[in-house]
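Same order as they appear, the protein sequences are chains A and B.
The numbers in our numbering rise by one with no breaks, and the one at position 150 of the first sequence is 150.
The numbers in our numbering rise by one with no breaks, and the one at position 165 of the second sequence is 165.
Quick caveat, the hints were computed from the structure, so don't treat them as lab data.
Keep in mind that a hint or two might mislead.
[Stated by the list, open to error] Simulated pairs of lysine-lysine, BS3-like, Cα-Cα distance not exceeding 30 Å:
1) Lys207(A) x Lys258(A)
2) Lys274(A) x Lys305(A)
3) Lys353(A) x Lys120(A)
4) Lys196(A) x Lys343(A)
5) Lys120(A) x Lys61(B)
6) Lys169(A) x Lys354(A)
7) Lys39(A) x Lys61(B)
8) Lys196(A) x Lys167(B)
9) Lys41(A) x Lys233(B)
10) Lys38(A) x Lys61(B)
11) Lys120(A) x Lys233(B)
12) Lys277(A) x Lys164(A)
13) Lys274(A) x Lys169(A)
14) Lys38(A) x Lys351(A)
15) Lys343(A) x Lys274(A)
16) Lys305(A) x Lys174(A)
17) Lys196(A) x Lys324(A)
18) Lys41(A) x Lys174(A)
19) Lys123(A) x Lys21(B)
20) Lys39(A) x Lys351(A)
21) Lys164(A) x Lys39(A)
Predicted model only: the values in this text are computed from it and were never measured.
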Amino acid sequence: MEGNKLRNSKIKFTIALSSALALVFAAATTSAVNAAPKKLKDIRIAAVVKGLDNPFFIGIKEGIEETALKYGVFANVQAAPGLNDAIGQANKLDSLAGQNYDCYIVIPISSNNLSQAVGKITKRGKTVINIDSPIDAASLRAAGGKVTSFAGTDNLAAGKAGGKDMIAKIGTGKTIGLIAGLAGNVTSNARIDGFKAGALEADPTVKFVGPENADWDTTTALNKANAMLLANPNIAAFFAANDQMAQGISRATGIGTKRIYGVDGISDALTLVKDGKISATISQYPYVMGQMGVQACIIAAQGGKVPASTITPYYIIDSSNIDKALTNKSTRGFFPNQLPPGKYSNPYASKIKK
Amino acid sequence: MSVKSSRETASAEAEAVSKSKLDDLRVTFRDPFFWSRWLVVVAFLLIVLVFGALSPEAFLKTYNLNNILVASAIPAIIVVGQTFTVATAGIDLSVSSIMTFGAVCFGLAFTNGWPLYQCVIFSTLAGLACGVVNGLIIAKRQVNDFIVTLGMLSVAAGAALVLSDGKPRQIIDERMANIAIDEFANIPYLMFIAFAIVLAAHFVLFHTRFGTHLLAVGGDSDAARAMGISIVKIKVLVYAISGSLAGFAGVLAISRIGAAEPAANTAILLNSVAAVVLGGVSLFGGRATILGPFVATLLLQALSNGLTILGVASYYQYVAVGVVVILSASLVRTANK
C-alpha cells in the first residue's frame, strides 16, 4: 500500500512537473523564441499519417510535402504500416520522437493509440499538431501529452449542408433514402445524423428510409438501393455516407434521374458528377489538412500564437461548380481537387512570417 | 636429439596446431547449424552498426534504443509461441487475431469492473481457449495446421468485432499505462516481461521432458509415436501455449495504446513468421532456438526504427524489410545444403 501511494505521488509529481515544463516551454515559444525566431529553412517537421493504402491519406501526405516545399521547410512524412496497425503507428512516432524535429504532425489510427507517444514528445518540449481525426482528450491528459492545434473536418456540418441543399433541390414533403457505412462507425454516423438534421431543419415534413448499412462498399450499396427502391417506390433521392456507395446507388435499376449525394470528393465521384450520373459530392480536402498542419508547425517554430483548432473546408460539388473543381487537378493523388473551388478560411496562413 | 631438430619439430607442431585450428574454424563456418544459429546475431549487429554509423546522433541514443525495446516486446512474446508451433513442423497463423480477441476480452472485463489481475487472466484464458481449439482440430482430426489456424484467424477476428460491436474500448488506467511507459535501468518494463517469457520458454524447450518430446515430434513424428510420445498431447499443448501467449500479448497491447482495439493487426503475424525463420528455426520442425527468434525480433524492429529515422519513404520500407527477410532466409537455406 505504502509503495503504491509513494508510486502514485511520484507519478502525480511527474505529471505535474511535465505539465509545468510544457507551460514553461509554451511561454518560451511565445516570448523568448520570438526574439530569435527559427528561420524557415531551419524548421524540421515530422509527420505520421495513417496507412497509405487509402487515397485520402495520400492526399494529406501530398498536402504536407508540397506545402513544406513551398515554404522551404523540411518535412519527413511517415505512415502507419497498415490502416489498422495501431501499435506499428505508435512505434513509428516513437522512432521519430528522439530526433531533432521542431514539430510533429499526427493522425491517430484510433483515438487513443498515439497518446503515449505524444506524451513523450510533449515531455521533450516539442510541438504536436493533430490533423484529421482528433486524439481523445482524456487519454492524452493521462499520458501527459499536449496538442497545440487541431485541424480536421466536421462531418456533422458537412452532412447538414448536404441535407439543406438536397431539400432546396427536391422540394418539401419528399422521401429520402439513406445509405450508411459500417455499422457503428463514427464518421458514418456523423454524416448521416448531420444530413438528417439539415434536411429536417429545411423541411420538417421530410421522410427518411433507412439508414441501411452498406459497409462503404459500392456493390453492397447497389444491392441495398435496389431493395429500398422496391420496398419504397416513392423515394425521391438518396444520400450515401461516402462516394463509393453513391456510385453504387447510381447503378440501381429504376434510379432514373433521382438525386444522389455522396461524401468525400474522390476522383471517380467528380467524373460521375461531370457525367450527371450522381448529383453532388460533398467534397473534403485532405490536401488542405496537410497544408494547415505544416503551417501550424511553422507558426509554432517561429514563436507565434497558433490557433487552437480549425475546421477544414467542405464544398458541395455539383453541376454548377464541377468544371472549376476539375481544374484544380493534382498530379498524383486520387483526390483530384487539392484546393476547394472557392474561398475557405485558413487562420494559419496569415500568421507565418516570411 | 639436436637442438635444431627439436626446434624444427616444435615449429612444425605449432604449424600443425594452427592449421588444425584454421581447419576447425573452417569446419565451424561450413557447419550449417553454426550459421543458422549465429547469422541472425551477425545481421543484427550489422544493422545496428550501419544505422549507428549513418545516424549516430539519433539511432544510438539511449532514448531510441529504449524505443526499439518497447516496440520489440509485444512481437517477442508472440514469436515465442510461434517458435513452439514451428518447432513441431506446424504454424500458427491466428496469433494476431487471437491477440486482438484477447485485448477485446480484457476490455469487456475491465469495463465490467473486474479487478486488473482478473482481466489479465481472462484475456490469457481467451487466448488459451482459441489455442486449444486449434490444437485439438489439428491433432485429433489431422487437418492441415495452415487451414485450421487460417480459419481461426477469421473466427477470432470476427469474434473480437462481435464482442466489441466494432468499437474500440478506451482503457485509461495508470497501472496499465505505466507498464508501457516506465523503465528500470533504461530497460522498459515491457521488455522485462517479454524477456522473462523468453527465458522460461528456453528452459521449457531445452531442459524439460516436454521440450525434448516436442522437438522429437517436430523432427520425426512417426519415430516419436513409436517411442510412445503422444502426438496429440504435444500438438494441443503447443497451440495452447501459442494461443495463451497471444492472449497475454493483447494485455500488453492495451497498455501500449490505451484501448482495446477490435481491428486485427496483421503486421504482427507476418513479423512473427519472419522472426522465427530469421532466428534459425527450421520450418520443417525438430530444430529450434528461442534466443534466435528473439534477436530476430529485435533486428526487425531495429530495421524499421532505423529506416524511419533515416527518413526513408514508407513505400521503400516495406521493400527493405521484405528483402532482409528473404535474403537471410536464403542464406540460412544455402548454408543448410
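Hint check results:
1. Lys207(A) x Lys258(A): holds, 16 Å
2. Lys274(A) x Lys305(A): violated, 42 Å
3. Lys353(A) x Lys120(A): Holds. Lys353(A) to Lys120(A) sits at ~29 Å (cutoff 30 Å).
4. Lys196(A) x Lys343(A): holds, 26 Å
5. Lys120(A) x Lys61(B): Since the Cα atoms of Lys120(A) and Lys61(B) sit roughly 15 Å apart, the hinted pair holds (cutoff 30 Å).
6. Lys169(A) x Lys354(A): violated, 45 Å
7. Lys39(A) x Lys61(B): Holds. Lys39(A) to Lys61(B) sits at ~27 Å (cutoff 30 Å).
8. Lys196(A) x Lys167(B): Cα-Cα ~23 Å, so holds.
9. Lys41(A) x Lys233(B): violated, 65 Å
10. Lys38(A) x Lys61(B): Holds: Lys38(A) and Lys61(B) sit about 25 Å apart, inside 30 Å.
11. Lys120(A) x Lys233(B): The hint is violated at about 46 Å.
12. Lys277(A) x Lys164(A): holds, 21 Å
13. Lys274(A) x Lys169(A): Holds, at about 18 Å.
14. Lys38(A) x Lys351(A): holds, 14 Å
15. Lys343(A) x Lys274(A): holds, 21 Å
16. Lys305(A) x Lys174(A): Not OK: Lys305(A) and Lys174(A) at ~48 Å, beyond 30 Å, violated.
17. Lys196(A) x Lys324(A): Measuring from Cα to Cα gives roughly 28 Å; hence the hint holds.
18. Lys41(A) x Lys174(A): Outside the cut-off at roughly 57 Å; violated.
19. Lys123(A) x Lys21(B): Violated, because 55 Å separates the two Cα atoms, which is more than 30 Å.
20. Lys39(A) x Lys351(A): holds, 15 Å
21. Lys164(A) x Lys39(A): Violated, at roughly 46 Å.
In summary, the structure is inconsistent with hints 2, 6, 9, 11, 16, 18, 19, 21 from the numbered list given earlier, while agreeing with the others.
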